[in-house]
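Engineer: What follows is the residue order along each chain.
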Amino acid sequence: MKSYEVLNHTADIGIVAWGKSLEEVFAHSAQGLFYLIAENPCYKLTFETTVSVDGNDYEDLLVTWLNELLYLFDVEQVFLCEFQITEIGQYFVKAKVKGETYNSAKYPLKHSVKACTYYEARVEEQKPDLWRAQFYLDI
Amino acid sequence: MSNIWNGPLKKIDDWRWLIPREYKKGMLTDGLIFANERMIGEIRKDQAPEQVANVACLPGIVGHSLAMPDIHWGYGFPIGGVGATHVDEGVISPGGVGFDINCGVRVIKTTLSSDECIPKKRDLLSTLFHSVPSGVGSEGKIKFTQPELKKILGDGAKAIIQRGFGWDEDKLMIEEQGAMSGADTTAVSEKAFERGKSQLGTLGSGNHFLEIETVKQIFDPQIAKVFGLYPDQILIMIHTGSRGFGHQVCTDHLRVMQNAMRKYNIYLPDRQLACAPFQSIEGQQYFSAMACAANFAWANRQLITHWVRESFEKVFHRSAQDLGMGVLYDVAHNIAKIEQHRVNGKTLKLCVHRKGATRSFGPGQRDLPEKYCSVGQPVLIPGDMGTGSFILCGTARAMEESFGTACHGAGRIMSRSEADKSARGRNIANELEEKGVLVMAESNATLREEIPAAYKDVGEVVDVVEKAGLAHRVVYAQPIAVMKG
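As they're listed, the protein sequences go chains A and B.
Residue 1 is where the first sequence starts when you use full-length UniProt numbering, and the numbers rise one by one after that.
Residue 1 is where the second sequence starts when you use full-length UniProt numbering, and the numbers rise one by one after that.
Worth flagging that the hints you see were computed from the coordinates, not collected in a lab.
Possibly wrong hints are sitting among the right ones.
[Unchecked claim] Listed below are the simulated DSS-like cross-link pairs for lysine-lysine, each with C-alpha atoms no more than 25 Å apart in a straight line: (1) B:K191 - A:K98; (2) A:K2 - B:K421; (3) A:K96 - B:K191.
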């Protein structure tokens with residue numbers, strides 16, 4: 001099973017992610033997001049923080065989770081590479097995230113992602129032990 | 001999702017196509033797309049027309065749900081989408097503005113000719129590249145404290161000019177004079193401040209650019225004269241927006257709107273269209289925060305203007321005044337504005353959402369600089385980095401038919417990964433240089449994704465706009481040097 005795949009869109013870019021659990025599909029969605037920002041960005045995990053967000057439902061939670069990570073990327077100037085979901089429910093997610101302060105000379109960046117949109121955002125349990133999430137990003 | 005759209009498109013004339021309101025449950029009005037027959041085939045290739053139909057479901061929509069000929073698939077509204085809602089009975093939707101609030105275009109004039117500029121273009125471009133921070137994660141050269149930033153969010157370009165980064169007359173040549181009223185910083189989150197404070201005075205990346213162009217063709221000499229444009233003149237075009245500040249304002253308020261939809265019992269086919277009644281607390285808070293972001297963007301383009309002038313002064317050893325570097329105009333193409341329009345014989349106060357669409361006010365409109373009042377406003381339409389840009393002027397017809405709106409650019413036809421694939425192994429910078437366009441980019445990936453073939457032909461888009469009467473062609477300019485983020 002792939003962790004994630006890029007979805008084509010005329011102006012923007014989408015990601016579809018899979019996971020064996022809700023935790024995993026949220027972590028893989030975050031990996032997909034950072035893959036679009038830069039390939040293989042982390043060498044040393046020098047940054048660590050906890051992220052805690054809530055949402056009205058799984059889709060709102062997914063969009064809010066990814067937007068929180070984008071906020072960290074922009075403000076803390078860190079690539080995030082490891083996403084350890086410590087608690088998750090229908091209305092909240094808590095995670096420990098790790099990454100590295102980036103240096104654009106060292107890591108060429110691929111895309112400036114403005115935000116994760118609600119457009120066609122989906123989180124679904126397709127069958128036992130198979131979760132699928134999709135979302136589109138404004139580039 | 002990139003499947004063909006098979007919904008009904010009724011041809012009204014060679015430039016107008018209607019999506020009847022019966023197409024979809026919830027549509028409160030018809031959709032109207034401005035395009036020619038050939039473009040319609042392309043437009044059907046993705047879900048943009050469905051998004052036109054979705055916008056027609058917004059409570060309080062007035063007139064048609066409109067799409068300009070550069071329409072393409074977006075999120076929420078299509079890119080090129082226009083939706084006007086009644087301020088008393090209708091809603092405001094952050095999805096009708098987008099994340100890059102007040103993304104827009106500014107054109108600076110010069111008195112230089114191409115003969116004077118072309119030999120120095122490499123020097124100019126590297127000076128600009130050095131002076132204007134660009135690329136993903138770039139930081140501004142000037143750090144602003146929170147009180148300073150608050151002043152900028154209220155006063156827009158004026159606050160920047162007062163600090164010495166610009167000329168007093170610049171603000172007269174900006175939509176809203178560079179400061180949208182209604183800005184209230186209490187509606188802005190701490191996160192937006194944090195994200196925005198280091199990004200003021202940066203170009204950004206993606207489709208944002210700074211371009212040096214030569215006026216190649218004059219379509220209307222009389223209006224060109226009013227605009228101060230003539231053949232072989234060098235112009236500078238700046239295309240950027242409100243950077244991370246605007247992105248965060250949109251992100252924050254979209255969340256608020258998700259809850260507001262439940263509160264006000266609004267049901268829409270796309271959550272990205274989430275909205276609230278314009279007069280509600282949620283609607284007013286978004287409008288106040290959006291106005292702050294719009295002012296951030298005008299301040300951003302003002303700072304960049306200052307560094308552009310400094311760069312030209314350095315290279316030509318002449319003052320910017322001597323080089324005639326006044327602002328032609330500055331337009332927003334992602335914004336919601338409160339405007340009065342005549343609809344079915346009545347004057348209505350509307351909230352006009354323009355998402356990838358440029359205001360195109362015709363002659364005699366209030367809010368236009370005195371200099372342009374007799375002819376209509378300059379409508380600044382950038383093309384892709386290989387071709388050129390058009391400067392049009394607003395029309396009376398646009399006031400009647402499109403709430404005074406025209407297109408905003410060429411519009412993408414190729415996805416980023418398709419563009420990247422077709423450009424792999426090619427040296428895009430060399431290809432453009434062979435055509436006389438010098439390009440410097442922070443990222444090669446951006447160059448590949450922004451190849452000219454990824455965009456519609458801007459000439460064809462502008463042709464439809466002109467024939468539909470939404471704006472009138474004045475000048476065509478070709479790039480000689482482009483800086484991409």
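Engineer: For each hint, tell me whether it holds in the structure or not.
Structural biologist: Hint check results:
1. B:K191 - A:K98: Holds, because 20 Å separates the two Cα atoms, which is no more than 25 Å.
2. A:K2 - B:K421: holds (21 Å)
3. A:K96 - B:K191: Cα-Cα ~20 Å, so holds.
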